[in-house]
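> Working from the sequences, and respecting the hints, build out all of it.
Protein chains in written order, with this note's numbering: chain P, -17 to 346; chain G, 312 to 584.
By construction, these hints were calculated from the structure, which means they are not laboratory data. Incorrect hints may appear among the rest.
Stated by the list, open to error - Covered, in the sense of this in silico footprint (three residues per stretch, anywhere, with C-beta under 8 Å from a C-beta of chain P), are these stretches of chain G:
1) 481 to 491
2) 497 to 509
Said to hold, decoys possible - Below, in silico cross-link-like pairs of lysine-lysine (DSBU-like), each with a Cα-Cα straight-line distance of 35 Å or less:
3) P/Lys156 <-> P/Lys96
4) P/Lys119 <-> G/Lys377
5) G/Lys377 <-> G/Lys550
6) P/Lys63 <-> P/Lys159
7) P/Lys9 <-> G/Lys416
8) G/Lys497 <-> G/Lys377
9) P/Lys119 <-> P/Lys156
10) P/Lys54 <-> P/Lys166
11) P/Lys96 <-> G/Lys550
12) P/Lys54 <-> G/Lys416
13) G/Lys380 <-> G/Lys550
14) P/Lys94 <-> G/Lys497
15) P/Lys94 <-> P/Lys63
16) G/Lys448 <-> G/Lys377
17) G/Lys497 <-> P/Lys63
18) P/Lys63 <-> P/Lys96
19) P/Lys100 <-> G/Lys448
20) G/Lys377 <-> P/Lys63
21) P/Lys100 <-> P/Lys159
22) P/Lys119 <-> P/Lys166
23) P/Lys94 <-> P/Lys119
24) P/Lys166 <-> P/Lys63
25) G/Lys530 <-> G/Lys550
26) P/Lys166 <-> P/Lys100
Note that the structure is predicted; figures quoted are calculated from it, not measured. C-beta: ideal position from N, C-alpha, C; glycine also.
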Amino acid sequence: MTEHHQENVAVAANSLFKNYGSVEALKDVSLSINDNEFFTLLGPSGCGKTTLLRIIAGFEAITAGTLFLHGKNIADLPANKRPVNTVFQNYSLFPHMSVADNVGFGLEMQGKDKNQIKQRTHEMLELVQLGEYADRKPGQLSGGQQQRVALARALAPQPEVLLLDEPLSALDLKLRKAMRLELKQIQENAGITFIFVTHDQEEALTMSDRIAVMSQGELQQLGTATQIYQEPRNRFVADFIGESNLIPTTVLSSDIHTMRCKLTDSISIAIPGKESVSEGDQGELCIRPERIRLSNADESANLEGVVDGIVYLGTDTQLLFKLDDQQTLSVRTQNADNDGPVVEVGQRVGLHIDESSCRFLPES
Amino acid sequence: MKTKALDQIKRYPGFFPMAVLCLFLLYTPLVIVMIYSFNDSPSITLWGGFSLRWYEDVFFGLEAAKLRKAAWNSVSIAAMAAICATTIATAAAVGMVRSGAWRGKTASFALLNLPIMVPEIVTAVATLIFFSMIGFKAGYATILIAHVVFCIPFAYLPIAARLEGIDSNYEQAALDLYATRWQAFKRVLLPLLAPGIISGFLLAFIISLDDFIITNFVKGAGVETLPTAIYGAIRQGIKPNIMAISTLMLLVSILFVTVSYFVGRNGEKKHEG
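In structure tokens form, the structure reads like this:
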């Protein structure tokens, strides 16, 4: 594997397995993370994302597989010998040390000289806009400030890769949103690979260059935000990322360009074709709620439904429809361009589905 | 919830008289000893006016040299025993609390703390037999060794309790920032653990200072600690100077317990901070 190390690959994991007794936390996970990439491990709790992060950090040993950092095998390297730093979920700032001593700790342990430590610490605190807090104790700072100190502490020794374990989860919503942009900016300026763990899809979608969606210890899909949203590979990804209507279906006909899938007993739609799908295959149709519109005079309706519920959500409105075969369909309409028909519960309405955005998910 | 429950306890009938009775039974003897240590009369029951003569007697009287020697033995043994016991207890606590789950952990915990529950007389006899079997001559060294041993569980409890409250992420963060295990212990865990270690040390010191039974068994002839010296003096009749010594020891104990309390509380605050 080492011989084939590619220039721009920061972390390469190959067939990683991790067992805790009889529990399999990671099952055959392979992925490679590029230099200067904002890479996110996304999944529900217990999916193995934190385990993978802790394995890269060196806090957990792997049961089987290989792990390379810039072409170097690090599987057997202890945590303190890996050029990798972590921002912990609860920051874990040393409460008995000042902010400056916290930030300088890594450099001190590396044996850097005093002036160098002082200068770099100052630089880092300026970067996170906490210059005047150098002499405070972490306990005297707000959650958001502690978060920045943790970031500065982890960045100070200039790690090859920065690991972030749900660092925003302890902050309130407003601060969390502001920190997302800031994190992304810091990552771009520092030019360091970030591996970010989160269960929050919005966080993942807004910050990441690429996202690895995980579930039950397995890698479900790896791609850019657009890829995993628009081309979900399986039911889990379609369901976990964003909202989707998942409708059981049968493939009626299929070629490379299009396939026709059953929507209701009497209606079928033509969606983009997919390799290795053939006529008669069973599976599910993934239709995003924002890709369905109430039909107006210009657009022909694919199908009709009866309005079953209306949920006002501020920027948009969610409409729930009952189809003729009792299937429920969720539709989102933007309130900004809401000059189409205004509906009420019980009304029968024509719907237009953007067929090119629908995906067929084969049964796994 | 907690405050409410505490509030309610006050409303139980008889709570107040019961509390007063308990406090009375606990502290009256101590208060009487303290008062009578200032008694001018040589009688231990008749009040003869206020005086410091028995304190003078303790420091400069006939038995002063003997008492000073005993006090020195007590303090030096307590200090050394507490230092050794605290060091061992700290290592044991880190080993027990930070080692995850392993076979025999519960048994080890029981083994560590059993000495607190074993009747002291049994420990005393066993220690004496052990020393004579291996041919140790009874004296200062045997007292010290015995004290180190029985102080360990007392030092262990506050240290382990403190350690359980310290998130292991701190040590991981230190390792992540290139610290060796020893550096992580010295620079991060030890300062956070300090209040527990100080509490453990003070508790061990007091337990050692105050021990009579085991000391009496293993001390050998001629070596006395304060408790054994006081016991020896009482056998020749109770003189009021005993009350003066007792009062002094009580003050030392109160001082240590108070310091231990504030160290513990301060540590808590900082930790939460």
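> All hints, please: hold or fail.
Hint by hint, here is what the structure shows:
1. 481 to 491: Coverage by chain P holds here, the residue count being 10 at a Cβ distance below 8 Å.
2. 497 to 509: holds (count 4)
3. P/Lys156 <-> P/Lys96: Cα-Cα ~38 Å, so violated.
4. P/Lys119 <-> G/Lys377: 52 Å, violated
5. G/Lys377 <-> G/Lys550: 15 Å, holds
6. P/Lys63 <-> P/Lys159: Measuring from Cα to Cα gives roughly 34 Å; hence the hint holds.
7. P/Lys9 <-> G/Lys416: 31 Å, holds
8. G/Lys497 <-> G/Lys377: At roughly 42 Å apart (the allowed maximum being 35 Å), G/Lys377 and G/Lys497 break the hint.
9. P/Lys119 <-> P/Lys156: Measuring from Cα to Cα gives roughly 25 Å; hence the hint holds.
10. P/Lys54 <-> P/Lys166: 27 Å, holds
11. P/Lys96 <-> G/Lys550: 65 Å, violated
12. P/Lys54 <-> G/Lys416: 38 Å, violated
13. G/Lys380 <-> G/Lys550: With a Cα-Cα distance of about 19 Å, the restraint between G/Lys380 and G/Lys550 holds, given a limit of 35 Å.
14. P/Lys94 <-> G/Lys497: 19 Å, holds
15. P/Lys94 <-> P/Lys63: Between P/Lys94 and P/Lys63 the Cα gap is close to 15 Å, so the pair holds against 35 Å.
16. G/Lys448 <-> G/Lys377: 22 Å, holds
17. G/Lys497 <-> P/Lys63: 18 Å, holds
18. P/Lys63 <-> P/Lys96: OK: P/Lys63 and P/Lys96 at ~21 Å, within 35 Å.
19. P/Lys100 <-> G/Lys448: The hint is violated at about 58 Å.
20. G/Lys377 <-> P/Lys63: Violated, at about 60 Å.
21. P/Lys100 <-> P/Lys159: Roughly 31 Å separates the two Cα atoms, so the pair holds.
22. P/Lys119 <-> P/Lys166: 27 Å, holds
23. P/Lys94 <-> P/Lys119: Holds, at roughly 23 Å.
24. P/Lys166 <-> P/Lys63: 27 Å, holds
25. G/Lys530 <-> G/Lys550: 24 Å, holds
26. P/Lys166 <-> P/Lys100: Holds: P/Lys166 and P/Lys100 sit about 26 Å apart, inside 35 Å.
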